[in-house]
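Engineer: The opening residue of the sequence shown carries number 1 in the UniProt record's numbering; numbering runs sequentially from there.
Treat the hints as calculated values from the structure; they're not laboratory data.
Quick reminder that beta carbons are idealized off the backbone N, C-alpha and C, glycines included.
There's no promise every hint is true.
Stated by the list, open to error - Each pair of labels, with its calculated beta carbon distance range:
| id | residue 1 | residue 2 | range |
| --- | --- | --- | --- |
| 1 | LYS141 | GLN228 | 40 to 46 Å |
| 2 | GLU113 | TYR143 | 25 to 31 Å |
| 3 | ALA123 | GLU62 | 32 to 38 Å |
| 4 | LEU104 | ARG126 | 27 to 33 Å |
| 5 | THR209 | ARG2 | 52 to 58 Å |
| 6 | GLN51 | SER71 | 22 to 28 Å |
| 7 | SER71 | HIS40 | 14 to 20 Å |
| 8 | TYR143 | THR209 | 36 to 42 Å |
What the hints assert, rightly or not - List time: in silico DMTMM-like cross-link candidates among lysine to aspartate or glutamate, alpha-carbon distance up to 20 Å:
| id | residue 1 | residue 2 |
| --- | --- | --- |
| 9 | LYS111 | GLU76 |
| 10 | LYS127 | ASP114 |
| 11 | LYS111 | ASP75 |
| 12 | LYS127 | GLU79 |
| 13 | LYS111 | GLU79 |
| 14 | LYS133 | GLU164 |
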Amino acid sequence: MRQIILDTETTGIDPKQGHRIIEIGCVEMIGRKLTGNHYHVYINPQRIVEQEAIAVHGITNEDLADKPVFSAIADEFLEFIRGAELVIHNAPFDTGFINHEFALLRRGFPKVEDCCGVLDTLALARKKHPGQKNNLDALCKRYFIDNSSRTLHGALLDAEILAEVYLVMTGGQTALSLSNSEDGAEDSEEGGSKIRRLASTRPELRVITASEVELQNHQTKLEQIQKQSGNCLWLSKER
1 MRQIILDTET
11 TGIDPKQGHR
21 IIEIGCVEMI
31 GRKLTGNHYH
41 VYINPQRIVE
51 QEAIAVHGIT
61 NEDLADKPVF
71 SAIADEFLEF
81 IRGAELVIHN
91 APFDTGFINH
101 EFALLRRGFP
111 KVEDCCGVLD
121 TLALARKKHP
131 GQKNNLDALC
141 KRYFIDNSSR
151 TLHGALLDAE
161 ILAEVYLVMT
171 GGQTALSLSN
181 SEDGAEDSEE
191 GGSKIRRLAS
201 TRPELRVITA
211 SEVELQNHQT
221 KLEQIQKQSG
231 NCLWLSKER
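Please put together the full structure from these sequences, using the hints given.
Structural biologist: Written as structure tokens, this is what we have:
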């Protein structure tokens, strides 16, 4: 399966109020493996970016002044995502903006849902972790994913982080790979993760037991603790 992990940044919250997309970031994954192929573009929204939005992503009006407008990148963007499953955190927000941009062109562009599958990782996280915070930062903390470089929102960076979150959330640990099988271990992949199984023919583990002298020394030490403190938990358990 070809999946595109996608994120956008915008001039504001609601496209119905005239807000536009200013950044698109996508990373490609095939068979739950990142391919290194990505799509990233900044877009001139042909309007002012709200100050509240700038505080979130740090992209200013000056940054976008010389960037292409959406109509100039629409065809290549659609070609990149067409036929893939889009993995998006809070998908209705991003797909709503993309569909709005396509509609403004009046060139017969399809809705995202008509040419791509859509998987909403926020809805998935809410099912797995009901009643908890499930924004991207909270999920990174929950799954021990390093997002220290995320001081501001950014479409490509957030897409890369979401890819890690998605893999861990849907298939367990993916960062650790134990591939050395010289000791008879067998590697296999389940749910996108490598699982290391020990061979049934491996030598039995050696169990070392305490000698009589060691046991006696241990008992004497416990009795000394009991005499000094009057309450040796280990001695009472053994009795």
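Engineer: Is 14 to 20 Å respected by the C-beta to C-beta distance linking SER71 and HIS40?
Structural biologist: 18 Å, holds
Engineer: Taking only the CA atoms, is the gap from LYS127 to ASP114 under or equal to 20 Å?
Structural biologist: 25 Å, violated
Engineer: Can you tell me whether the CB distance of ALA123 to GLU62 sits inside 32 to 38 Å?
Structural biologist: Holds, at about 36 Å.
Engineer: Is LYS127 close enough to GLU79, meaning Cα to Cα at most 20 Å?
Structural biologist: With Cα atoms ~32 Å apart, LYS127 and GLU79 exceed 20 Å; violated.
Engineer: Take the C-beta atom of THR209 and the C-beta atom of ARG2, compute their distance, and say whether it sits inside 52 to 58 Å.
Structural biologist: The hint (52 to 58 Å, Cβ to Cβ) holds, given that THR209 and ARG2 are roughly 57 Å apart.
Engineer: Quick one, are LYS111 and ASP75 close enough, alpha carbons at most 20 Å?
Structural biologist: 13 Å, holds
Engineer: Is the distance from the Cβ of LEU104 to the Cβ of ARG126 consistent with 27 to 33 Å?
Structural biologist: 31 Å, holds
Engineer: Between LYS111 and GLU79, is the straight-line Cα distance small enough, at 20 Å or below?
Structural biologist: 13 Å, holds
Engineer: LYS111 and GLU76 were given as a pair; does the straight-line alpha-carbon distance stay at or below 20 Å?
Structural biologist: The given pair, whose Cα atoms are some 15 Å apart, holds under the 20 Å limit.
Engineer: The hint says 25 to 31 Å between GLU113 and TYR143; measuring C-beta to C-beta, is that right?
Structural biologist: Taking Cβ atoms as reference, GLU113 and TYR143 lie about 28 Å apart, which means the hint holds.
Engineer: Assess, step by step, whether the Cα of LYS133 is no farther than 20 Å from the Cα of GLU164, and give holds or violated.
Structural biologist: Holds, at about 18 Å.
Engineer: Taking 40 to 46 Å as the hint, is the beta-carbon distance of LYS141 and GLN228 inside that range?
Structural biologist: Because 44 Å falls inside the window, the suggested range holds.
Figure legend: structure checked against the earlier numbered hints; hints not met, in rising order: 10 and 12.
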